[in-house]
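Participant: Here is how the chains run, residue by residue.
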Amino acid sequence: MKPFTYERPADVASALTLVAKIPGARFLAGGTNLVDLMKLQIEQPTHLVDVSRLPLAEIEDTPEGGLRLGAMTTNSQVAADARVRARYPALAQAILSGASGQLRNKATTAGNLLQRTRCPYFYDTTKPCNKRAPGAGCAAIGGIHTNTAIFGASEACIATHPSDMAVALTALDARVETKSGSGEARVLALESFHRLPGDTPHIETELQPAEMITAVVLPPPPAGRQIYRKARERASYAFAIGSVAVAGDRVALGAVAHKPWRAEAAELALEQGASPAEAMAAELEAARPDGHNDFKLKLMARLGAACLTTTGAGDGQ
Amino acid sequence: MKTSFTVNGQAASLDLDPRTTLLDALRERLDLKGSKKGCDHGQCGACTVLVNGQRINSCLSLAVTHEGDAITTIEGLAQDETLHPVQQAFLAHDAFQCGYCTPGQICSTIGMLKEAADGWASLVTEDLTADVVLTDEEIRERMSGNLCRCSAYPQILAAIRTAGGLA
Ligand SMILES: Cc1cc2nc3c(=O)[nH]c(=O)nc-3n(C[C@H](O)[C@H](O)[C@H](O)COP(=O)(O)OP(=O)(O)OC[C@H]3O[C@@H](n4cnc5c(N)ncnc54)[C@H](O)[C@@H]3O)c2cc1C
Ligand code: SF4
Ligand code: FES
Ligand code: FES
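Residue numbers (this note's numbering), protein chains in the order written: chain A, 1 to 317; chain B, 1 to 167.
If you're looking for bench data, these hints aren't it; they were derived computationally from the structure.
This one's a predicted model, so the numbers in the text were calculated from it and none came from an experiment.
Simulated restraints, written as ranges between beta carbons of each label pair:
no., chain 1, residue 1, chain 2, residue 2, range
1, B, V133, A, A20, 41 to 51 angstroms
2, B, D118, A, E233, 23 to 33 angstroms
3, B, M1, A, G312, 53 to 63 angstroms
Reference listing, derived: stretches of chain A covered by chain B, where coverage requires no fewer than 3 residues with Cβ under 8 angstroms from a Cβ of chain B:
no., stretch
4, 47 to 54
5, 73 to 87
6, 92 to 98
7, 103 to 117
Partial list, computed: chain A residues near chain B (C-beta under 7 angstroms):
no., residue
8, M1
9, Y6
10, G31
11, T32
12, V35
13, D36
14, S236
15, Y237
Quick reminder that beta carbons are idealized off the backbone N, C-alpha and C, glycines included.
Use the sequences and the hints to build the structure in full.
Facilitator: Shown next, in the form of structure tokens:
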């Protein structure tokens, strides 16, 4: 790890000021992604501002009938919450399908959304990677890695976003609340929070430098059933090679793009009376596999159809 | 940077380079070599310790973030000559070969049994709103963050069943 200094401010305002003021300063939450990447010198912050003990760890009911998850709630805490389990089961399932018990005890809601890709060439500092070193090239294109994007990839980057939680939150139409500078607040739809790579794959979200996530807000649960299913190369403790979240009429796919992928074409097809298989076929028409990740077409068609059949999405049309 | 916490009930006050992980502080500064470094990247569970009763990977946690925390390692489980029930069960079931993963397995088991007792669900919990029943499938899923290169899994499972009062 490169040397850095560390500080644990007592309130949100001081944390915002510090990160805005100090070049190279970063927020530290559970550290399960940032510290990992610092060890590999892929991340090299000069100063860490520890936000993990800020008073942002509550889960509160909202007046609209939803839930506000404080940014520093842990993944374990959210998945264990009785309200989440009863009303947002897809979110509980998505979180529980990720990482391990130990990691989920440290990982936070904000950190999970901002975790970086698991593309092996991003991790291999001897290989070119536009995300790690903008302009260097992309070793994954034509490489031997198969867990790459089938939607929205660019000539600069074909990586996928690894979060399970974010896929369920996209289907649940969650919003991200942020603060920056002297406390200006913003609310962003999770669906448009992460970006496609384009020619700037190192810019992964709409978050500005020194902008802090303070909460993720769930609207009231949608009518209809929910599910999250994840396919992976071993039965537990592995990242998705494809995943599907369904919440009522909304569908999101994971491990297929640089962001959680809302399956709008599938949703539209369902609305027009398509069967689960037809809806997935409609979605996958826009997929552009690259010869290495073609398996994802069949995988997502089957996984998606199975989930839609289980929840009965579109049955009411 | 000056940091104070307790380890196995004893106060420890260390002047730390912020880069020091909790695992390195325990092993290199406090000479508690029970917690193991398998991967140093959160992938194996050998470094699992309990912080304020919860299991975490000490290799991915900076020691300076643990100001005021109560840390328990494998060295702190036995009371004098009396082993902790989970240690006892691992012995009784021969739940190790080389023993490298064992301190992590044992600390993880203690954390996991508390999570289950607190009613936390896992991915294989059929009904998310019902009480948790620790079936073998549940134990396997909940312990998937602890790898055993010797593959002593069947004995580890049996030990956990015993420790959890399930067999
Ligand atoms: C072995 C292993 C397996 C894993 N498997 C899975 C898996 O299967 N599925 C899955 O989804 N995830 C998986 N993960 C990833 C894990 O979920 C993430 O590491 C974790 O969610 C990150 O949260 P954190 O709080 O530790 O973030 P940190 O590491 O502390 O931070 C991550 C990023 O978020 C920024 N940040 C943190 N808080 C804020 C804030 N409030 N505002 C603005 N920026 C902030 C940090 O600056 C940093 O850039 C795995 C991780 C490991 C190590
Ligand atoms: S796919 Fe993206 S993350 Fe992977 S090597 Fe190419 S630029 Fe880097
Ligand atoms: S050494 Fe910490 S998980 Fe492997
Ligand atoms: S006993 Fe050898 S690694 Fe588990």
